[in-house]
Structures are given as structure tokens and as C-alpha cells.
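Asker: Each chain is listed here by its residues.
Number of protein chains: 2
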Amino acid sequence: MIEKIQFPHAAPLQDIQLTNGFWAERQATNREKTIPSIYSFLESTGRLAAFDLSKDQQPPKFHKVVRMFFDSDSGKWLEAVGYSLMTHPDPALEHLADGLIDRMEKAQQPDGYLNTYFTVMETEYRWRNLRDWHEMYNAGHLIEGAVAYYQATGKRKVLDIFVRFADLIDSLFGPEDGKKRGYPGHPELELAMVKLYHATREPRYLKLAQFFIDERGQQPHYFDLESAERGEDPADFWAQSYHYCQAHAPLREQTEATGHAVRACYLYAGLVDVALETGDPSLLETARRLWDDLIGHQMYINGGLGPAQSNEGFTFAYDLPNETAYAETCAAIALVLYAQRMFHLDPDARYIDVMERALYNGILSGVSYDGTHFFYANPLAAYPKVSPDDPWSAIKTDPHYRRQEWFYCPCCPPNVARLVASIGAYFYGISGDTVYVNLYDRNRARIDIHGKMAEFEQKTSYPWDGDIEIEILSGEPVEYELALRIPGWCRQFDVRVNGDPISAEPQRGYVRIRRRWIGGDRVRLSLAMPVERMAPHPMIRQDAGCVALQRGPVLYCIEGTDNGEQLANVILPPDSQLSVVYDASLFGGIPVITADALRVGPSNWANGLYQPQAVLDYARTSTALRAIPYSLWANRAPGEMRVWIRES
Amino acid sequence: MIEKIQFPHAAPLQDIQLTNGFWAERQATNREKTIPSIYSFLESTGRLAAFDLSKDQQPPKFHKVVRMFFDSDSGKWLEAVGYSLMTHPDPALEHLADGLIDRMEKAQQPDGYLNTYFTVMETEYRWRNLRDWHEMYNAGHLIEGAVAYYQATGKRKVLDIFVRFADLIDSLFGPEDGKKRGYPGHPELELAMVKLYHATREPRYLKLAQFFIDERGQQPHYFDLESAERGEDPADFWAQSYHYCQAHAPLREQTEATGHAVRACYLYAGLVDVALETGDPSLLETARRLWDDLIGHQMYINGGLGPAQSNEGFTFAYDLPNETAYAETCAAIALVLYAQRMFHLDPDARYIDVMERALYNGILSGVSYDGTHFFYANPLAAYPKVSPDDPWSAIKTDPHYRRQEWFYCPCCPPNVARLVASIGAYFYGISGDTVYVNLYDRNRARIDIHGKMAEFEQKTSYPWDGDIEIEILSGEPVEYELALRIPGWCRQFDVRVNGDPISAEPQRGYVRIRRRWIGGDRVRLSLAMPVERMAPHPMIRQDAGCVALQRGPVLYCIEGTDNGEQLANVILPPDSQLSVVYDASLFGGIPVITADALRVGPSNWANGLYQPQAVLDYARTSTALRAIPYSLWANRAPGEMRVWIRES
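In order, the protein sequences belong to chains A and B. Each residue of the first sequence is one higher than the one before, starting from 266 at the first, in the working numbering. Each residue of the second sequence is one higher than the one before, starting from 266 at the first, in the working numbering.
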């Protein structure tokens, strides 16, 4: 067994103060717009009132499948509130959350059970369909919310509620005689149980998470057994295969990321959580194998996962269609959860590279710049009348794929809210007296190094600029190692301490500087941030002949509003110069990329859809290409968008 | 009103004898393999036995939606048999058909009703959901089968059965007081009623077809009314909009082909049938407008229609994805029905160009070369684990999209069978003493010109060669005009009569030669048939930067078995010479297209899915490109396929 001490952990959210930079701005929008907006929708759609209903009271009219995971939305909102309060106390918001917690308490059944669907409707069907009915998924999000709120406020009430619920679940499921060998159809409870273990130190919760990981996909298959108990033929499973919920084989035998992308990454994150506690090498190996498949074969360049709407998930290696990319916001968030845990398990900057890719691109694209509208799917190209999350979109009145205020299945908005509220917790990893600096942005950190406080401040305009200064703040001198991440996208960098160059080569992606740091010390990291033409793997047939523009961690795209219609006919020649221009008028000021490009096409097209090329005159006319950060697309006039741009 | 005499009609199937050419071979396969194979599946799946069931007897286990149109499959098979018997008498086959007709007779209810679903199950739901429940659709195919079989054999029994059924329908639906103003949700009965009118001269059938055309989409909307009568909210229509069934507006107000592609073209064909009988100029105008939209904006280069699986139909103009092209075989067949009728309404070769495109490409691709396996969807590109008709295909065991022996919804196989059996009826159009020669292939024709027989024989290797000889056969000298179609794909041609050049320019696509034809006269038509690089309309974003290869009417494609994997990385440079090589080893001997091409890609790809182009070395290696006729793809080793080939 590996010693636990080897694993780094995240610097606590409370200890990181974002100051006036990129994420501080997004977090302010999240606090002021997103979290209140979500609460009002939780209220108006009956999700809060659902906690007040008793058996057989008429619930809001929703399809059963959606109604069944009402509680997860409230849980995620509570979690977002908890993180927000940790860094930005807000008595009014806390009061709102306390009100929700009071309702939760009343909804809890005497045995600890808490689920606003099965308490009100189909009460005899509790725990009878773990595969589809989301009781454990809801429980997981409620527990995550409870832990976050407890840690923020110190109020035990909500923790106690969900400790009772967790105890009920633990009494029903597990390897022991008399318990059922069930596990979540939609993973989530695994990682939540580990969080609850951390909050309470009750080892039963960790053991239950471990059981869920160990038992998944074992024979006789639990989902077969419970189907048969319901009188159903397991072969009639609507999703056709347990690949959908990653239960087609025991986890340690799985070699590819399959099925529903959010389920997959929540599961893998939970798996790593268990590995971090137990040190089980077979789990570490499994986590790495699945990671390598995911990142090596199935990830979009925006960090999005899961190309298919049909299963909200994976199809096969290198299959990455652009307009129909599902790339659910929640899946990119789940990838961040998985990535950070992988870094803890195996401290290597490559995990953070992926985390950063998802954060700046496929997650931020999920929320409008003003914080009130959301994407569920995050396609890599857009064309009027095409919607990646609705196969019937071509008949819709509004031809444009736009962010929405809310969804019938609104899993993504509160997920973005909790992620942005907790972003500070992704900045630093701590291992002994090493501080891994994983993300760059303006912030002040106070980090406990064996009882002494390392205090420093990052000053930077990252991600728009690659210069970062870390100033050690006044305080007692403390010896520790700063491990500066050299991002995978960076091909040239320079590190100086108090003006003196450091010549160290990065080890596993980090330049390590150990010294006795004194207030006023300055570390200067310069990351060369030219625009890169990113090439797709030659097996990605959908991107053949195209390049994507990336600068630092930021993926760019071209939109119709800047570049006209029919973006498929825009060509960026290989020798065309790419310039970075600061545009103060856009989104508070951003660098845009400009280039001389071409529009190609026949100048004498007559009638019909197909003509012999021999009768056509082809023209190439100059056009000015203008690219903006991908995450900001669809915030202006709606229209086409493309990440992958033809080169010839 | 236009005089009826102006409209050409088809030369009857009985009068055209295919001799030893392209279609004769396909027809033999159809007769010997396809028709018997379909019969055995009709039997083994319970479709024949369904006629023997009485009320409440247990039917075969099928989903209601599929079970409801069992009868259409039997109707189409009977129609195929009828056409086959017209040119190839076969007592055993006729005996089989007579047996089916006996079963149909027994299944008929005293009031004339005949439907094996609503007679056995949900008997109280007859005619209560014309929108979805396919009673009129089934009736149409049964009537088409009955008319064909009656015309082939002279046996009235089956005609009488369906005259009784038609009379029942006519007594229930129509504009008169006491009748319901309903019409088919799935069009088909319109054109069938016109056929029944032709067979019986009973004007009520024509009037009913006319009513269906006139009433469709009128307010108050019949589908709204019948929904309300069933206690349903019309807004809950599963297909979300009456665009799906072309009932969103009165037909004369419709401007675009919408919804389910087969429904659309059956409807438009029926509309033209009514226009041909009534001469109503507003219908002619409607038919032309919808045609122009269809062909100008929504047709694949293989003649396929309907890119989307979700609605089995149209999305929007120029939206023609390749791998996921649904392009249902039935839709291309429906297009042929529509095209021939358009030609009758408005004799112009442009309609036949489209018909020919569908026949040689998107329809023949629907059946294997051996006649026993079928495609439902006919994509323009194939990649392992992608199936255009199954969004869940990526999890299937067999990674390849292949033809199947049968389908759960088997509309396409018997549709191909009836089309191929009746192909002779598409060769010639007759208008007064003008004979339009629309299709070229070896055949002998005997055509009645005002009581005198014009007899001639076509000798050609078309579509593999552009030389056609028409020899006037012995018989009395007859004056008539031969109107030779100059296909739209042909940019250079030569016509000679008995060796003398004819210099006439084509009028509406036809070179017209009027003379008193004498046995031994020879018309020689030479159509230059180089390989053409076909360019896509610049609005078709999915084909940008690509060309398709076409020679004569035959579309070509490249397959993995000839060209290796990752066809997206194969480039056919614009200056690359295209050669035609006869390959005697393939499919009885076909011309294949070869060219020098390139494979492009980085030679030093390391890890990951995306890399800066700056670190890559790009290589272009020579490769021999080999293309085969598109309709023959997937008859050899399974793998990738592409119609649209990158040029750079």
C-alpha cells in the first residue's frame, strides 16, 4: 500500500482570495447573477416546494424522469452557496439557504430517507431501480451541498440531516449480509460519501464509497437482479447496454471511457477519491488507464466530453463531430473534478493542463458573460437550425442555438455555479512543504506549511497574458518549495527569482524552487503565449484539413457576426500571419486574433446543387478573419461559429 | 383548364422487354432473389398470418407503431409480383399471390374494412387517428398492389376486395355532409386512389384523392379535431409540428418540402396525379414550386432525400450531412414516382435527370448486388461505428453499417422490389405521336401510336457507356417523333440517323426526330461520358473543399477496401488525371475510376489529440485512388466509404 502522505491535497478555498482578475470577475457575476437566478428558477419550477409535499400531494407537472432528480438541483445550489459564503459572507444568501435547509429537514422521513419524488409519489418504489431512478444521485448532490454549507458556516443542522440519510443508505447497501449489493446508476454518491467521510471522519462512509467502486459491474449483476425483481427483462434496458452507466464490467477491468459522460467522470472522480484514501494500486492503475483513454481519444479541444446526444456521452475513439458535439457543460465540470483528483493521486501537470482546458473553454462557454443564460451542449461549430441537444431543432422558430435561462433538465446551471464559486480551490496543491501553483490569476493565498503561513500574491493578466509575478507577502520567513506549473501549451518560458534566472527544467510539468521565502521576494514567470495553430489528431476525420487557434489556455473561434456567413468557405492559409489585437470594447477588454484569410467558391454558380467543376470559375477573395475566445461565443448577434478553420 | 391530352403518359410496362442489359440483370436478381426473400420474411414475421387473425386473437409481438403498418408490406409485395408477372409470367409466384389474396379476402370485414391491426386489436379505434395510425397508408399500398396484380393477371378478385374497401373509405371521408374531413397522416392513398380510378374509371376515387389534396392543412385542422376527440391535446403531437406530415398549411400555400421525406414525395406524386386529371393550374404551380425547392435545396447527389434520422426527413436548405445522411431508400423511390409524374405534367428532361440520378445511385444502393440485403438509410460516407439510422450504433458489436436481410420496420425491401420490377415503365413517355426516350438500356419496345405499332430496340451498354443505338424493327412504316433525352450530365453529344448527323439543339432536354420510321432505320446517339468532378453548391457546408466523381449518371465513391483507412486524409489534387478502367472481376464487370492521389498527415505525431502545428512535420505520400459506383458500395469487405473527396 502506498503511504497516504504522498498525495497532495488542494489548498482550502477559504485561504485563497481572488483579487480583481479574470476569475474574480466571473465569480462576482456568479455571485450576483447566477446564484440568485438559479434560486428563482428552483422556486418557480416547484423544486423548493417539492420539499413541502406529503405523500400523494399533487406534484408539479414534470416528466417522471426529470421530476426524479429535482433534489439534485437544490443540492448543487446549496453547494454553490456554501462555496460562495466561504469567501464572500452574505447574510441574506445564508438566510435563503437556511430556509431551504428547514424545508429539507421537514421533508426527511423518520428513517432518514429524503427524496421529494419517492416520498410523494410511488412511495413503494424506493430503492427499487438504482439503475435509472436517481435516488443515490440526488443523495450525493444533497450531501455535497450539506458538506459545503457546513464547512462554510459551521452550522451542523444540514450536515446532521444528511448524516441521517447517509446512515440509512449505509444500512441498506453494502457487502454485509442482509444488505443489498446495489450502487448508483448515475454515479455521484461515491465522491459525496468520501466528502462526508472527510467532514465527519466516519469510516463507514468511506467504506460504502469503496463498496460502490468495488461492486460496480460485478456478477451477478445488480441491475439485472433488480430488473427481475421489478418483473422486467434486463435486456429491455432502454439504454441497451450497461456501458451507458459504466457498469458493463468491474471497474478494474474497464479500459475505455464509455456511456454517459457525466456519469463516467463523476464515477472516475469517486474512484480516485477512494484510491487516495486506500492507496489501492489497482485503482490508481484503473484511474490512469481510463484517463489516458479519455484524454488520448475522446476529448474535444474545448475540454468537452461526449459527442453524442443519444446517450449524452461517448461514442468511440477520435469521433468528435463539431456541430453536433454534445459536450455537456456538466461533463466538462466532471472532467475538472476528475483531473484535480488525478493530480492528487499522481502529481503531474498534464492533469492540470486538461483541467485548465476545460475551465477556460468548455465550461465557461456554458454560461453567458452576464451569468444568466446557459448552454447544456457546447458544440465546436454552430450553424443556424442546428442544435446539438435537440435533433428536432430544424423545425424550431428560432433558428439559432442560444443559451437559455433554464432547462427542463437543468443540471448544468447550478453545476456551473458551484464550480465557479469554488474555483479558488483549484489553484494550489499542497504536498508536505511543496506548494504546486496550478492556476495563474490574480489572488492572495495563505497556505499552512507545517504550521507556518506561506503568504503570497499572484499578479498577472492571465489568461490574456503570460507574465505572472508571485510576490511573497510580509510575514515570517518560511521555507517551502514553490512548484510552478509550466503549462503544456507553453513552448518557451522564463523563471526568475528576484531578477535572477532559474534554469531548472520542468519535472512532470513543474519548475521547483525551494528556498526560505521572505516578504518582498518576487518570482517572475514569463510564459510565451503566441497564437498557435492547433492541429487535430489525424484520426479525427471531422477536423481533417483544419486548424484551431489557441493562445495560452484560451481556445478561439470565428463567429458569423465578425466573419460573415458560410464559415465553411473561409480559409486561413498556412502562411497567413496571425495578430493579437486588444479590443477594449468586447467583454471588458479581450485580445482578439486577426489574420488575412480567403473566401473561396465558384463565382458563376448557376442552378442546382451539383455542377461539373469544369464549368465553374473559382474565386478566392481576401477577407479579414477575426477570432474571439471560444468561451465567449454566442454572447453577441447569433449566427454561425467555427473552432476548426479550413486551411486550404 | 388545360386540356388533358397535353399530358404525356408512360408506355405500359407490358410493352417494354428488357433484354440482357443493366436493368435486365437487376430485374432477374429481383425476381429470383428479392421477391422470394421478402415473401419468406412476410411469412416468418407474421405479416401473412396477420390476415388470418380474428378480433382479440394474440398478434405477433411487435411495437404498435410497426404492427400498424404490417399490411403495407404485403401490399407492396403483391404490387412487385404484379409488375413482375406482366413481363415474366410465373405460375408458382402467381399461385403464392393468389393465396395471399385469399387471406386478404377472409380478413375483410362485412363493411369492406381491411386492416389486420384494427380488426384484431383496438377495434374501437378505427379511423380515430389518421395522423399517426396508418390505416389510409396501408389501404393505399393494398390498393396499389391490387391494381398491379389485376392488370397483370386480369383476375378481378383482389380488385373487388379493394374496391369494397375504397368504397367504405369514400363513404366515410370527403367534403359531403355526414362525412369526416380527414386525410392520410402518411400520404399514399392519394396516388393509390388515382390508380384505382384508372383501373375502374370510377370517378369517386379520383374525387376522393382530390379531396385529400385540397383538404390537407385546412382549418379547422382535422388532426387537431381528431386529437381533441381522443381527449388529447394537439400540442402534444409527438412530431411537434404538422410540417412532419406536410399538413402545416394547405398544399397550395406550401413553399418548401418539409418533414418526413417519404410522406412528402408520395404526397407530391398524388398531387401531380390529381393535377394530371383535373388540369388545375394551381396544383401544377404547387407541384413545380415544391419540386424546385426539393431539387434546388434538399437533394443529395445520390438522389437521396431527407438528411435526418429524427424525422426521417428534411431539415433545411443545403443541410446535407454525409455520414448521418438518412436518405431512406423509400424516399428516393418516392422521388422517382414524383419525378415521372412531373415529367408527365411538364415534359422536360430535367425531371428525368433527377429520376435517373435516384435510380442508378440512391435506390440501387438500397439493395445488395445479390438482391437479398437492404439499406434503409443510404449515407454518402461511412465510418466504422457510425450508422445513419441508429444513433446508438456506436455500442453495437458489429462496427460496420451493412445491408440487412430485413428490418423491424421493413418498408424499404418491398419498395425496391416493386420499383425494380416496374423499371420498364419509366423508359418511355408517350404524348400523341411523340415517343420520349427517357432511359437508355437494352430493351425492345412496342408502342401504340394512334393504333399503329412503333417497334424498336435499344442496343447499348449504358450506363457504363454513352453509345446508344436504336434500331427500328420490322413492321409497317410508322410516322412518329422520337424525342431523345440528352441527359443533364452530358456536355457533348452526337445524334445520327442512318449515319447522317442531326444537328438539332435539345429542346427542354430532348432532341426530336420526326419521320416515317422503317424497319432497319438506325438512330445512333453518342453521349460523351467523361469522369466529371462534381462540385457541391457553396452553401453545402458539409462538402466544402470536396468533389464527387460522376461518370454519366453513375455516382462513384471510394471504399476502404480499395483505398485504405482514414479516407478523410486522402486528397485528390485538382490536376490529377482520372482514368476509367474496366474491371471484369467486379460485379459482372464494371468501369472503375483510378487516379493518382495523396495521403496527407503529420509524420511525427506524438501523444494527445491536439498539437501545435509548428511542431509537426507534414507529409504527402502518393496513393492510388480507386473509385467504384456508389450503388455497389458495401458489397465487399466492410469499412469506410466516401463520396465527397477532399481536393486539398
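Derived by calculation from the structure, the hints in this document are not laboratory data. The beta carbon of each residue, even a glycine, is placed where N, CA and C say it ideally should be. Don't take each hint at face value.
The calculated DSS-like cross-link candidates involving lysine-lysine, where the alpha carbons are at most 27 Å apart (straight line), are [as the list claims (entries may be wrong)]:
#1 A:K717 x A:K326
#2 B:K371 x A:K650
#3 A:K724 x A:K661
#4 A:K329 x B:K650
#5 A:K445 x A:K329
#6 B:K650 x B:K717
Between beta-carbon pairs, the in silico distance windows are [unchecked claim]:
#7 B:S913 x A:A902: 25 to 35 Å
#8 B:S913 x A:Q279: 54 to 64 Å
#9 A:S913 x B:V846: 27 to 37 Å
#10 B:T886 x A:K661: 57 to 67 Å
#11 A:S913 x B:S850: 30 to 40 Å
Asker: Each hint needs a verdict: does it hold in this structure or not?
Answerer: Hint-by-hint comparison with the structure:
With a C-alpha separation of about 56 Å, the suggested pairing of K717 (chain A) with K326 (chain A) is violated against the 27 Å cut-off. Restraint check: the Cα-Cα separation between K371 (chain B) and K650 (chain A) comes to about 50 Å, which exceeds 27 Å; the hinted pair is violated. Our distance criterion of 27 Å between C-alpha atoms is broken by K724 (chain A) and K661 (chain A), whose separation comes to about 47 Å. A C-alpha spacing of about 32 Å is found between K329 (chain A) and K650 (chain B), which places the hinted pair above 27 Å, so the restraint is violated.
Between K445 (chain A) and K329 (chain A) the alpha-carbon distance is near 25 Å, which keeps this suggested pair within the 27 Å criterion. Under the criterion of a C-alpha separation no larger than 27 Å, the hint pairing K650 (chain B) with K717 (chain B) is inconsistent with the structure, at around 58 Å. S913 (chain B) and A902 (chain A) have their C-beta atoms about 31 Å apart, which keeps the hinted 25 to 35 Å range intact. Against the hinted window of 54 to 64 Å, the Cβ-Cβ separation of S913 (chain B) and Q279 (chain A) comes to about 56 Å, which satisfies the hint.
Between S913 (chain A) and V846 (chain B) the beta carbons are some 29 Å apart, a value that agrees with the proposed interval 27 to 37 Å. Look at T886 (chain B) against K661 (chain A): about 46 Å separates their beta carbons, and that is not inside 57 to 67 Å. Between S913 (chain A) and S850 (chain B) the CB atoms are about 36 Å apart, so this pair conforms to the stated range of 30 to 40 Å.
Comparing the model with each numbered hint stated earlier shows that hints 1, 2, 3, 4, 6 and 10 do not hold.
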